[in-house]
Amino acid sequence: MEELKITKESDARGSFCPGPLMEMIRLVRSANVGDVVAVISGDEGSKKDIPAWINKARYELIGMEDVASGGTRIICRKNH
Amino acid sequence: MKKILILGGGTGGTIVANRLAHRLQPDDASIEVVNDSPLHYYQPAQLYIPFGEEDPRKIARSERKLLNPKVTLRIDTISEWIPDKQALRTARGEHLSYDYLVIATGSIPCPEAVEGFVAGADHFYTPEAAYRLYHKLSEFEGGRLVVGVGGIPYKCPVAPLEFTLLAEAFLAHKGIRSNTEIVYTFPLNDVFQIQSVVPVVRALFERRSIRAETFFNLDAVDAEKKVVKSLEGTELPFDILVMTPPHRGAPFLRGHPMADNDGWVKTDRNTLRVSGLPNVWALGDTTDLPISKAGSTAHFEAPVIAEQITAAIRRQEPSPGKATYNGHVTCFIDSGYGKATILDFDYDHPPTVSEPDDFRHLQKMAFNKLYWYLVPTAVI
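Chains A and B, in that order, give the protein sequences.
Position in the first sequence counted from 1, then plus 204, gives you our numbering.
Position in the second sequence counted from 1, then plus 130, gives you our numbering.
FYI, nobody ran anything at the bench for these hints, they're computed from the structure.
Treat the hints with care, as some may be off.
[What the hints assert, rightly or not] With a straight-line cut-off of 27 angstroms between C-alpha atoms, the simulated BS3-like cross-links for lysine-lysine are:
#, chain 1, residue 1, chain 2, residue 2
1, B, Lys200, B, Lys499
2, B, Lys452, B, Lys188
3, A, Lys252, A, Lys212
4, B, Lys132, B, Lys195
5, B, Lys132, B, Lys266
6, A, Lys209, A, Lys252
7, A, Lys212, B, Lys396
8, B, Lys200, B, Lys133
9, B, Lys304, B, Lys188
10, A, Lys260, B, Lys356
11, B, Lys452, A, Lys251
12, A, Lys282, B, Lys499
13, B, Lys200, B, Lys355
14, B, Lys266, B, Lys469
15, B, Lys188, B, Lys133
16, B, Lys355, A, Lys260
17, A, Lys252, A, Lys282
18, A, Lys209, A, Lys282
19, B, Lys133, A, Lys252
20, B, Lys359, A, Lys260
21, B, Lys133, B, Lys195
22, B, Lys452, B, Lys396
23, B, Lys266, B, Lys215
24, B, Lys200, A, Lys212
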C-alpha cells in the first residue's frame, strides 16, 4: 500500500452516515479517470456502505486499512 | 450599546430577531436583520403548488410585518464576511459591523450545477419552478415519471418522498395512474437516510407500485433524449423528471474559511457557535451539521442562540438547559389521500414512524395556516 499514490484524501471522521459515503462520492466526481482517492471514516457503517457503492458504480476498491489515530481509510480507484 | 446583526430573514433569522426583541431592552442592543428580499416565504407550501393545491402568490408575506418593530430590516445581499474585523460588505457597497452575528442565510437550490438539469428537469424548490411543474403535470397524459434526489444535503429531507406519494395520488385522481410508471431515485443504498423510516416508506412504495432506484447519484440530464444518468452508470428514460437540485450555502460562504466548499458553516452541534468565534452563531440550513435542513430545525435552534446572546449582553451565565441544542427536529410526511405521519427525533433518539393517518394530515394542514401567526413571531 506504501507505493500507492493517493490523489485526494478526505478525513470524514466525526461525521456519520451518510457523510463519509457522500464524501467518497464527492471525491470520485471531482477525480480524473485513473486517480486514487481515499476517505477516512470513524463510522463503522462506512466499511459496508462505501464498498457497496464502489461495487455498484463499478469502480475499484483498492483496500481498507485501520488508521493509527482511529477510523478506517477506504481507498478507491476511479477506473472508468 | 451592542449591535446584533442577523443575516437572513427566513424562519431561523426571524425567530432569533423576534426572541431577542422580546427579551432585550432597546438600550441593551440594536437588532438588524439583513435579507435579500422584502418577503418571507413559507417554503413547505411549495410542495403543494405542482398539484394545484397552493397558490404561488400566497406563500410569501412581508418580512417587515413579521418582525418586531424594535428590529431594523435591511434589504441587501451579503457579498463578503471578514470575521477578523467583525465586518461585512454588501452587494450595494455598504460596510456593516457587529458585536454579535447570527448567520441564517439558508440553503440555495442550484440546478445549474448539473449538466442538462435546467433544460431537462423540473423541481419544486422555488415558487416559479413549482408553478412550471404545475403546468406540466396538468397537461400530463401518462408515461414515465421519475422523481429523485440530486444531491445530499438538500432542503427538507422528506420533501422528495412526499412529492412522490402526492404525485401518485394526484395521477390516480386524474385517472392516468394505470398508464404511468413512477420511479424514485436516491443517492444512498436505500430510500431514505434515516434507517428507522425506511420500512414505512418501503411499504408505502410497494402498496402504491412505486419503484425505487437506489445508489443513484445524479450525473447529467439529456433533455433531448429525455434520459437521466447517474454516476453509477444507470440511465432512466422519463417523460417528466422531478429532481431535487443540489443545494449550496449562500454564495459569500462558499469556500469561506468558516465554511466548507459548498458554503455550509462550521457549527458546534450543541452551542451552535461558529467554529472558533465566540460571538458568531449559525442555524437552520446554513450549518454543516448532519441534521435535517428544515424549518423545524431552525425553529428549535433559535431559542438556544437567543438565550446565549441575551446572557452575553447581560453579562450573565446562560440558563442551564436553555443554551444547548439537542438536535430536535419534527417533520410531517404527507403521503397523499388525506393522510400524513410525523417524524420527531433528536441527536440521541432516532424517529419512530407510525402509519399515516387522517389526524396527522389535519395537523399538518392546520400548521401550514398557523405558521404565520405562531412561528416567525416566536409565539411558540
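Status of each hint after checking the structure:
no.	hint	in the structure
1	Lys200(B) with Lys499(B)	holds, 26 angstroms
2	Lys452(B) with Lys188(B)	violated, 35 angstroms
3	Lys252(A) with Lys212(A)	holds, 21 angstroms
4	Lys132(B) with Lys195(B)	holds, 24 angstroms
5	Lys132(B) with Lys266(B)	violated, 52 angstroms
6	Lys209(A) with Lys252(A)	holds, 24 angstroms
7	Lys212(A) with Lys396(B)	holds, 21 angstroms
8	Lys200(B) with Lys133(B)	holds, 13 angstroms
9	Lys304(B) with Lys188(B)	holds, 25 angstroms
10	Lys260(A) with Lys356(B)	holds, 23 angstroms
11	Lys452(B) with Lys251(A)	violated, 37 angstroms
12	Lys282(A) with Lys499(B)	violated, 50 angstroms
13	Lys200(B) with Lys355(B)	violated, 56 angstroms
14	Lys266(B) with Lys469(B)	holds, 25 angstroms
15	Lys188(B) with Lys133(B)	violated, 34 angstroms
16	Lys355(B) with Lys260(A)	holds, 24 angstroms
17	Lys252(A) with Lys282(A)	holds, 19 angstroms
18	Lys209(A) with Lys282(A)	holds, 13 angstroms
19	Lys133(B) with Lys252(A)	violated, 49 angstroms
20	Lys359(B) with Lys260(A)	holds, 14 angstroms
21	Lys133(B) with Lys195(B)	holds, 22 angstroms
22	Lys452(B) with Lys396(B)	holds, 21 angstroms
23	Lys266(B) with Lys215(B)	violated, 50 angstroms
24	Lys200(B) with Lys212(A)	violated, 50 angstroms
Of the hints listed earlier, those the structure fails to meet are numbers 2, 5, 11, 12, 13, 15, 19, 23, 24, in rising order.
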